[in-house]
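Quick note, the sequences are listed as chains A and B, same order.
The working numbering applies: residue 1 is where the first sequence begins, and numbers increase by one.
The working numbering applies: residue 272 is where the second sequence begins, and numbers increase by one.
If you're looking for bench data, these hints aren't it; they were derived computationally from the structure.
All values reported here derive from a predicted model rather than from experimental measurement.
There's no promise every hint is true.
[Unchecked claim] Simulated restraints, written as ranges between beta carbons of each label pair:
(1) A:L121 with B:M328: 17 to 27 Å
(2) B:W457 with A:G61: 35 to 45 Å
(3) A:E20 with B:E436: 22 to 32 Å
(4) B:P470 with A:D173: 21 to 31 Å
(5) A:L60 with B:S397: 14 to 24 Å
We put the beta carbon where it would ideally sit given N, CA and C, even for glycine.
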Amino acid sequence: MAGTPASFPQAWRKRTTRGELLLWVGWLALVALFVFCWEVMNENTMWFFVVDAPAQALDLGSRMVPPRWSYLPALMKPLWDTINMATLGTLLAIVMAIPVAFLAARNTTPSERFVRPVALLGIVASRSINALIWALLLVAIIGPGVPAGVVAIALRSVGFIAKLLYEAIEEIDASQVEAVTATGASSAQVIDYAIVPQILPAFAGICVFRWDINIRESAVLGLVGAGGLGLALQDSLNVLAWPQVTVIFVLILLTVLVSEWVSARVRHAII
Amino acid sequence: MTTASPANRTVWRRPPFITDPRLRWAIYGGAVVYLILAFATIDVNWVRVYEGLDRGMRFVRGFLVPDFTSRWSDIAQGMQESLTMTVTSTVVGILISVPIGIGAARNIAPMPVYLFCRGIIALSRSFQEIIIAILFVAMFGFGPFAGFLTLSFATIGFLSKLLAEDIEDIDEAQAEAIRATGAGWWQVVNYGIQPQVMPRLIGLSLYRLDINFRESSVIGIVGAGGIGATLNTAMDRYEYDSAAAILIMIIIIVMIAEYSSSFIRKWVQ
Numbered sequence: 001m002a003g004t005p006a007s008f009p010q011a012w013r014k015r016t017t018r019g020e021l022l023l024w025v026g027w028l029a030l031v032a033l034f035v036f037c038w039e040v041m042n043e044n045t046m047w048f049f050v051v052d053a054p055a056q057a058l059d060l061g062s063r064m065v066p067p068r069w070s071y072l073p074a075l076m077k078p079l080w081d082t083i084n085m086a087t088l089g090t091l092l093a094i095v096m097a098i099p100v101a102f103l104a105a106r107n108t109t110p111s112e113r114f115v116r117p118v119a120l121l122g123i124v125a126s127r128s129i130n131a132l133i134w135a136l137l138l139v140a141i142i143g144p145g146v147p148a149g150v151v152a153i154a155l156r157s158v159g160f161i162a163k164l165l166y167e168a169i170e171e172i173d174a175s176q177v178e179a180v181t182a183t184g185a186s187s188a189q190v191i192d193y194a195i196v197p198q199i200l201p202a203f204a205g206i207c208v209f210r211w212d213i214n215i216r217e218s219a220v221l222g223l224v225g226a227g228g229l230g231l232a233l234q235d236s237l238n239v240l241a242w243p244q245v246t247v248i249f250v251l252i253l254l255t256v257l258v259s260e261w262v263s264a265r266v267r268h269a270i271i
Numbered sequence: 272m273t274t275a276s277p278a279n280r281t282v283w284r285r286p287p288f289i290t291d292p293r294l295r296w297a298i299y300g301g302a303v304v305y306l307i308l309a310f311a312t313i314d315v316n317w318v319r320v321y322e323g324l325d326r327g328m329r330f331v332r333g334f335l336v337p338d339f340t341s342r343w344s345d346i347a348q349g350m351q352e353s354l355t356m357t358v359t360s361t362v363v364g365i366l367i368s369v370p371i372g373i374g375a376a377r378n379i380a381p382m383p384v385y386l387f388c389r390g391i392i393a394l395s396r397s398f399q400e401i402i403i404a405i406l407f408v409a410m411f412g413f414g415p416f417a418g419f420l421t422l423s424f425a426t427i428g429f430l431s432k433l434l435a436e437d438i439e440d441i442d443e444a445q446a447e448a449i450r451a452t453g454a455g456w457w458q459v460v461n462y463g464i465q466p467q468v469m470p471r472l473i474g475l476s477l478y479r480l481d482i483n484f485r486e487s488s489v490i491g492i493v494g495a496g497g498i499g500a501t502l503n504t505a506m507d508r509y510e511y512d513s514a515a516a517i518l519i520m521i522i523i524i525v526m527i528a529e530y531s532s533s534f535i536r537k538w539v540q
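Okay, chain A solo, but in the shape it has when bound (with noise of 0.2 Å):
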């Protein structure tokens, strides 16, 4: 096995010179990517206005500030109605997810080759769209308002929480199923006794980590007219009245940072 020492490089190197080049051609092919797309994106920037942009900037902190804090009071019920819509919608979301987890997870779905695929894909269509896109079309079929949130959101939240959820499914101990089946339980009842015991932190997790994403979402889906904070912040965008908008963002803020730490909180006490 020994080689004259000659023959070994002088140098320790991780890679083979082969490797090496590899590696440059896809950083290189990489690079390429990026500055193609650049020009392509770009085709039709106006640099003035890029240019332009600090004058602009400056310009707008000055409209931003001082917030008007009067408007605060004026925002009390869509402080209300977005979380009116988190909430409301993640509970629907959850109604609509814990069927199709277990019908997605690979050890309690009725069939493999037909179910699971298409519980699979509700869960891809239902998370690949954004709550706002959900919220569009909503507002077009059910009208502006509230109502289009909460199916908005829950819309949103069921493939969420189905993908999590029918991980952990799949993740449980199988031994606990069986000793339960062993004492000649129904399938419902191996779920009630075996599975759901085992889910249930994990579930409860999943839900307020949730429920704290649908607040930040939701306090934006009035831009398209369903309801709550969005709405009141494209009223006040739309007389470009910035020292309001000010309000609205620092609301938002506020809002977030508490529900986080909710959040964080209930999670910590659960797992």
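Based on the hints, put chain B in the right spot on chain A.
Relative to chain A, chain B alone:
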């Protein structure tokens, strides 16, 4: 070992999820009161919903027979903007977030740098993309450049935070070994830390590419370019078949991105 007296229950009952009964009933009661209040303040206009069902049916029909052709040039333009915006913003976002992520790792950065970088991360994470897009559109004008800046900014918060946490979780022994050879700070980062976090960094970058595409389909609603603007226009014109075509394309691209990124991540790790 006590023997079971007849007074003891002989039927086993499972312990409740929340053990403290007072806390349990307080939570249940609070939930019921909240739900009553919440439903009382929502006014559903059932007449409007009933009228909307017809549109809903048209939308479902649009999904079954999507119309790719009549607005194809708009769709192609929007998709091109979305895809290029995704790639450029992800690359720029990664380039900026790597130094910030290193600076935000407590075990290799001095305190002032740590606080500064954590501040940037908190700033970037606290507002969602759409709000940042509103501000950037106001500053930089309409179009994909504002969207590109928005997504880059959002990428920084996401990637730097996870990278910093990953660096804080590394195996210290390897960094210690490199340090023991007399390596400087750069060499420790390059030889002791970078090899440990690289697979995860690549995985996170691909994941962020995924997220950026999804977000790029939304920020167009406030004028930051991309397929979202096309979708918004299609909805405003009641062209549900074109809107369905756009949504189907978004779903398919997201699915492709998700599968290929999970494939690459498996290959890297």
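Evaluated hints:
Roughly 22 Å separates the CB atoms of A:L121 and B:M328, a value that falls within the hinted 17 to 27 Å. Our hint of 35 to 45 Å for B:W457 and A:G61 holds, since their Cβ atoms are close to 38 Å apart. Checked against the given bound of 22 to 32 Å, the beta carbons of A:E20 and B:E436, roughly 31 Å apart, stay inside it. Hint check: B:P470 to A:D173, Cβ distance near 29 Å, so the stated range 21 to 31 Å holds.
Roughly 19 Å separates the CB atoms of A:L60 and B:S397, a value that falls within the hinted 14 to 24 Å.
No hint from the list above goes unmet by this structure.
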